[in-house]
Each structure stands twice: as structure tokens, then as C-alpha cells.
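Starting from the known structure of chain P, fit chain X onto it as the hints suggest.
There are 2 protein chains.
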Amino acid sequence: MAVEKPSVEKAVTHFDQHRNDHLKDLMHLVRIPSVSFAGFPPSEVVRSAEAVAELLAARGLEEVSVLTLEGAHPYVYGEWCKAPGKPTLLLYAHHDVQPPGDAELWKTRPFEPTVCDGRLFGRGAADDKAGIVAHTAAISSYLQSSGRLPINVKLIIEGEEEIGSEHLHEFLAKQRENLQADVMVLADAGNFDTGLPSLTVSLRGLVLVEAEVRSIDHSLHSGMWGGPIPDPVGALSKMLASLLDDEGRIAIRGIYDRVRPLTSQEREDYARLDVTEALFRKQTGMAPGARILGGAKNPYETIWRQPALTINAIQASSRDQARNIICDSAWARVGIRIVPDQRPEEVRDLLVSHLEANVPWGVEATIRPLLADSWWMTDPTGPVFEKARRAFSAGYGKETVFIGCGGSIPFVGPFSEALGGAPALLIGVEDPYTNAHGENESLSLIDFEGAVRSSIHLFSMLAE
Amino acid sequence: MAVEKPSVEKAVTHFDQHRNDHLKDLMHLVRIPSVSFAGFPPSEVVRSAEAVAELLAARGLEEVSVLTLEGAHPYVYGEWCKAPGKPTLLLYAHHDVQPPGDAELWKTRPFEPTVCDGRLFGRGAADDKAGIVAHTAAISSYLQSSGRLPINVKLIIEGEEEIGSEHLHEFLAKQRENLQADVMVLADAGNFDTGLPSLTVSLRGLVLVEAEVRSIDHSLHSGMWGGPIPDPVGALSKMLASLLDDEGRIAIRGIYDRVRPLTSQEREDYARLDVTEALFRKQTGMAPGARILGGAKNPYETIWRQPALTINAIQASSRDQARNIICDSAWARVGIRIVPDQRPEEVRDLLVSHLEANVPWGVEATIRPLLADSWWMTDPTGPVFEKARRAFSAGYGKETVFIGCGGSIPFVGPFSEALGGAPALLIGVEDPYTNAHGENESLSLIDFEGAVRSSIHLFSMLAE
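Sequence order for the protein chains is P and X.
Residue numbers for the first sequence follow this note's numbering, beginning at 1 and rising by one.
Residue numbers for the second sequence follow this note's numbering, beginning at 1 and rising by one.
Calculated directly from the structure, the hints in this document are not laboratory data.
Treat the hints with care, since some could be wrong.
[To be verified] With a Cα cut of at most 20 Å, we get these calculated SDA-like pairs of lysine to any residue: (1) 282(P) to 362(X); (2) 398(X) to 271(X); (3) 282(P) to 218(X); (4) 282(P) to 398(X); (5) 282(P) to 364(X); (6) 282(P) to 221(X); (7) 107(P) to 217(X); (8) 174(P) to 416(P); (9) 282(P) to 217(X); (10) 107(P) to 218(X).
[What the hints assert, rightly or not] Only some residues are given here: those of chain X computed to face chain P with a beta carbon under 8 Å: (11) 223; (12) 251; (13) 254; (14) 308; (15) 357; (16) 363.
Think of the CB as a built atom: it goes at the ideal place given N, C-alpha and C, for glycine as much as any other residue.
This is chain P alone, in the form it adopts within the complex:
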């Protein structure tokens, strides 16, 4: 019996008619406070995994199961593999979320999804429960309208992405056969602007260290003892100040040596992005007088393709408890985002050595490496990327751009490796106003609809 070819037009029409059902699926997931951080109830992440499994089954996926591993928040698996001879896509998203943050800063309740001004507000509304529902909505739209998909799909929905995907390697090793696929679609990235379809082709890596400086074994009265005793806060300030030059660039010798120069293709891609200083200042909330550092015409070139050093936190005594003391110690955490072709361990070692070499006054300094994760970059040429570009242009009704991302998604590298280098398409629904991880996280409904329609087109194009 000849099987009718699934129709992309029917699927898109079906989605347009049933958009609200999928939005309800998303709202249902957002209501579950599946915060994976220590100190939050893991039972909610379990509840969230169960809700995701129910959703997958309800939307027509098969072999649905909740995957557990000792000490890990549960992952969820589902598949539809009834298109023999057609490619298999591995679809990824995660169902865990960040802590809500400061309750007073939320204008709505974080776990009560609320639509306002064309956006859905709530923790996880974008990052990354929208990623889950973008997958299920595309799949369901085909199954409901044509009874089948044009390709095979396997879904893996992670439960510990926000805490570093600690067990991902183990899951991938255990599920390696299950997960074999020709293309990966990771729905946890974003669009360059609202409604502007974007494929992310690079991520920065991350090196983290903490520095602790100590000169006395207990805090002393700053009047009774101030003068002969080296101030640990002053010492740490000098060490940290030496890390950045007058232009805000990293002042560690040799740190830029391996940075891969931009290709002419990258220069063209960046030149096509319409970025004004005013827009960038609006997106970031920069103080009016603050300089845009980095020297590039386009600040995104700096974010995507240059290493950047940030002091994420510093503390000695505290603002609340400030007293007339010489602090016994001072502490800070320093991160460097790294780019092709920097080597994580080498950058880590350069940072540690630089800090150690700049300790003044003989104070005790302990520099502890915390993390050294690699950057990721793909070559977005070849048929898969060309099809994806066309699918997303069709789905959003706008020309697709290839962008970088300044952040890190540590699982992309291992995922790609586990699948023997299958092309990875990083897509997603976060626009510059999403405020993922911050308060008042929100999803643009334009991006949500665009992502679903693009996936519908993508399934069809990759089947050809």
C-alpha cells in the first residue's frame, strides 16, 4: 500500500488552527516549578518529567519513558521511527529550570504562566519548556493532519541542564544505540532579534577560577591594627585590577595568541546584522556614559568571537555587616569565556599563573580552578544547513541569519561526538528580551510560532 506523503502545508495549517492547544501544553509545564538546583525539591523535577512523558505520549510519540540514573534528575525519552529509509533527527530540549530569583522583581508570579503584550511570562516559559513544546507541536501537527511524519524523530528531554548536565555523558553512553541519528536539533538557543530566525553556529567555552587572599588568621580592628598588616581586600583588588587593561581587554600575556581570526564569511555574516549602538544599549540596559568595549564595530562580534573576562562575584565581610575591620580574607570568582582556537586548560593555567604572579605584599593567595569547558563551533555549510536555512526562512517568513552565541552549552560538544559528528542545528526561542535566568523571563509568541512552523518545514526538507 502506497503511503501518502505527509503534507507540510496541512501540518502548518493544523498548527495555525491549534496553536492554543500547544500553548496550553506549555503553560501546563510552566506551572511545575522544576528547579534542578540544590535546595529546591527534586520531587518537582520528577513531577515535571512525568508531565513531559504524558505530553509526549499524548502528542503521539512512542516508546515514551522516564530515564533515571542514581543521583540525577530524570530525563525523558520518546520516538517516532516509522519512516524507514528516511533520516532520523535527534531532538533535544530540557525540562528543568533556573531558580525564580528575586520574587519582588517579578511582575507576574514565576510559576503562573501569564500572557501579556504578545509574550508568555513565567520561569521556563522560554528556557526551555518552549523547546519541548516546539518539538511536540511540530510532531503533533503532522500526525494529526497526515497521520505520519516525513522523517524519524527521537526526543531526549534533559532534567539537569541548568546545573551543568553532570550525568549527560553517562546517559549518552547508556543510550548510545537508542540515540543514533543523522542530524541533531537542539532547541535551547535563541534568535538574534524577535521573529528573526537564527541558527547558532558557535558557542564560547568557559574557564572559571576562584581566588582567596588571606593575611591574618582572624579579622582585626582596623583602627587598633591598621597600617603594618597587608589588607587582603586591597591585595585582591590589585590582583583583579591587573587582569584587565585600560580598554577592558584581558591583560594576561599570551591569552589572545591562539584566537582564530574571523573568516571573510563571518565578516559578511556579521555585516548583515543590523546592530546600532542604541539598540545594544537598550538590550543590555547599559549606563548612558559607559563605554562599549572590545573595539569591534559590532558588539556581537566581540561577544561571539573574542574571549572576555568577568569577575562574577567578590566578597570580603559584606555590605550588610560592614564594620571597622581588616578582613581576614577576601574572595572572588573570575570567569573567562573562550573562543576558537583557545585551549581551555591552557587559558585556565594562564589565568592561575597571572593571579599568582600578581599577589602583593606576601599575602597568602589560593587560586582554585573550578571549570575548563571548551568552545564549540560548526562549519555551517553543506546540505543540512542549507535546508535548515530555507526551512527557518519559510517558518518565520524572514531571511535566516547565522549567529554565534557568547554563552556555553556544555552538552553540544559531547552530543555531537556521541553521534559521530552528526550536524548539529542549534535553534531556539530566546530573543534579546527573554531574560532567561533573570526575573520576568518571557517567550515571544512570534518566536514560538516561528519555531514550530520552521520545525514543520525542517522535517519535510530533511526528508528530501
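Chain X alone, transformed into the frame defined by chain P:
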């Protein structure tokens, strides 16, 4: 009827026989948690004032009263003025105490006085309830043995010293006639070493500012945005690093211009102090490799006679909450201890201007002055200081030293002024191991006894 001259020998003998009664008086006061800080029950400070008034009356003082002022913790007054023609001493101490601090670090309970290894442990055991009892013990020893004192005394026991003596000016203005005296004895200072009688002749002043740096209106993901945005923590580090030179001296132009050179007498006094580097390191708990800064042979010369800059506290995000963010702001509090002849407002303005001049990258910086209190110094020559020197040498059985103090006691200046410049004797029982304001505060019983015997001698000598 000729009145018998009060006998210093009888008084000393009486004290030696009744030392424990006075120690019990002290322990009774220590049991009352008279913490004057906001957030602690003011009723305990009232209870403490009442206990002090009872003690004064029980030990033979007259006209005892609890002095109250709207919004102030109560002061206590008492006098014995039955030696016509003899000088009048104004004796000062305070009955309020610091908060206990970290309960886990106390080896005994802070408000349960405990004798161990020749020291009395407890909050206020030294600072400054021992000051109160040193006064009452000396007075009582005369009254019990000779029936009278060789001089007139007026006691003022403050209840708000630990929170800055905010109402002292008002009290002094209100009580000006009551408080007229020829000499002040302020028992709130310390000895250079355990059992080494010391008269404090200088105090440093204090200038405080807080600095806040801001470059964005909310914290941003350091991966997504790191590079073009000036890091507020890096900016603050650069500003603070510029305050101290490679030798740990203050690197603000002009800050040392007015510092009064040491006199040859001071040089002699300092040379007499037996200070080794090993002792100083032991007293302060300095890290083995940390350099002793300041350049002086004697670190106390640096503490007493050189300005010193300390960053009392710094914070951006926090050690507990450290995340991958660019902090929206960073904050620090900076203090400079000032010495003769520096001018508080001038030092404050120099500090503010220096910080403002060193703000990098156009970030927003707000520098707020918090305090500008003056130094104090007396000329320890003339008969009163000579008699005091002899009295303390007799009381402790050791040669008295004249010392400075790196801390500030803001009421000394106003007190001296209110009494038309009467000589001020700063004495006290804190030795380098007292750990006043810290956990495990303790009083050396050698210092306690020495202070009482010295006061007995002092009353007698000043009567001559």
C-alpha cells in the same frame, strides 16, 4: 576635729584582701547582655544601667542617678565630693557592650563570665565593664579602709559608647556644671602588653566613604553579554587598587603632606618599647609570608602615627550566590585612619576625588562620605602626667610606658573640650590578647588588679 589622711597602703591592702568581691561585681555586670546595637533589646541596657547605679551606691558613691535622654541608652552618674580643697577627678567608663558575634566561635558562653588561665572571659569583661569596676574598687578600698577618699571624684558611666556616643555632646552640655573637674580619667584604653602599665596619649581619627559602581541596570548573563560591557567589579577593583602603592602606603597625592613628624621624645618612647617581629606576628595572627608594611622599625609607630587605609568590606553578588553573571553593580567601604595634623574633611575630599578620578570605562560611580572624625593627641608633660606615671608604675610594679592607639575614641576630644582642656588620662585593661569586639573577649586578672592598685595610688598622688 582633724580628719585622718586616707592611707594608700591601707587601701591597697584592703583591695588585696577583697579582690574577689570586686571580681564578683564585675561578673554580675557581665551577666547582663547590655548590647547597645539596634536589633538588640534596649531593656537590657536599662537593666545594666540600674545594676551599675546599685553598684555605685553599694560601693559608697553619692548622688547616684540614672541619666536619661530621649532616644539614648541611659548613662549613670555618681560622686564622692567630700574632700574640700582637693582636686576633682572625672572618672569615665561605659556599661554597654558589642554584640557577641559568632556564637560558634566562643569557647565559653559570652554572657556567662568564666575564669580560665588567669583571665576572665565574657563579652564586656574587659571592654568596658572592667573599667567601671576598676573605678568602684579603688573608691571602695579607700572608703572601707580609711572612711574617705584623698580627692573628689565624679563618675560618668556611658550607655552608648559602642554605637558612637551619639548623645554625649547633649549629656555633656546638660551636665556641664555637675561634671566640672580638674583631671579626667577615662578607663577605656589598654596596656601595651599584659601587666605593662600604659598611658595612651594619642588616638587616630577616622574617615569613611562607600563607593558604588554600576554599568548596567540589571545583572546580565556573563556568557551571553560578556565582552562589550564594562565589568563593574573590574572597575571597582581598579579604583581600589589605585589607593595603595607597592609598599602598602596610601597612594593618594598629598595625603601625607600634613602628617606631623615624630618628636625626639616620641622616638625615645617608641625605642623603649620591646617589640619583636615574632611578637607582633603572634599578636595579630599574621600569615607567615605576609610582609609587615609601613617601613618603621616598630610596627606600632606605623599604627599610632601614620595614616592607614583599609577596605573594610567589598561585595558584588556574593560567595554563596556566585553565578555566571556580569554584576549590575559593585560596592565597597573604605576607611582611612588619620593622625596629627591631618584634617578630616580634607582627607575625606582627597579620598573621594581620587576614587572619582580613577573610574575606568565611563562606568557610573557614586562615592558617598560616611564619616570624618578627628584624631586626638595630648602633650604628656607636666605634673599630672608625671604623677600618673609614678602611680601606675607603683600599681603594676613596672615602669609605665606612654603609648599611642591606632583606634578612635570619638568622645575624648569633646570631653576634654567640655572641661576646658583638663588633662585627660587614658588608662584601661585591654592587653593585646583581650580580643575586644571579637569572640572570646577576655580580661587579664593581672591587668585588672594593676589598674585598681594604680587608681588607688593615683588618687593619693593627685591629692598632693
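For the pair we were handed, residue 174(P) and residue 416(P), check the Cα-Cα distance against 20 Å. This hinted pair holds, its Cα atoms lying about 16 Å apart.
Residue 282(P) and residue 398(X): Cα distance at most 20 Å? Given that 20 Å is the threshold and the Cα spacing comes to 72 Å, the pair is violated.
Holds or violated: residue 107(P) and residue 217(X), Cα atoms, limit 20 Å. The hint holds at about 17 Å.
Does residue 223(X) pass the interface hint, meaning its C-beta sits closer than 8 Å to a C-beta of chain P? 3 Å, holds
Would you settle whether the hint for residue 254(X) is holds or violated, based on the nearest Cβ-Cβ distance to chain P being less than 8 Å? 19 Å, violated
Per the CB criterion, is residue 308(X) less than 8 Å away from chain P? 4 Å, holds
Please verify whether residue 282(P) and residue 218(X) have alpha carbons no more than 20 Å apart. It holds: about 12 Å lies between the C-alpha atoms, which stays within 20 Å.
20 Å Cα cutoff - pair residue 282(P), residue 221(X): Roughly 15 Å between the alpha carbons, so the hint for residue 282(P) and residue 221(X) holds.
For the pair supplied as a hint, residue 282(P) and residue 217(X), confirm whether the alpha-carbon distance does not exceed 20 Å. 10 Å, holds
Taking the least C-beta to C-beta distance, is residue 363(X) closer than 8 Å to chain P? Residue 363(X) check passes; min Cβ-Cβ to chain P is 5 Å, inside 8 Å.
Assess, step by step, whether the Cα of residue 282(P) is no farther than 20 Å from the Cα of residue 364(X), and give holds or violated. Judged against 20 Å, a Cα distance of about 17 Å means the pair holds.
Run the distance test for residue 107(P) versus residue 218(X): straight-line Cα separation, threshold 20 Å. It holds: about 15 Å lies between the C-alpha atoms, which stays within 20 Å.
Checked against the numbered hints above, the structure breaks hints 4, 12, 13 and 15 and satisfies the rest.
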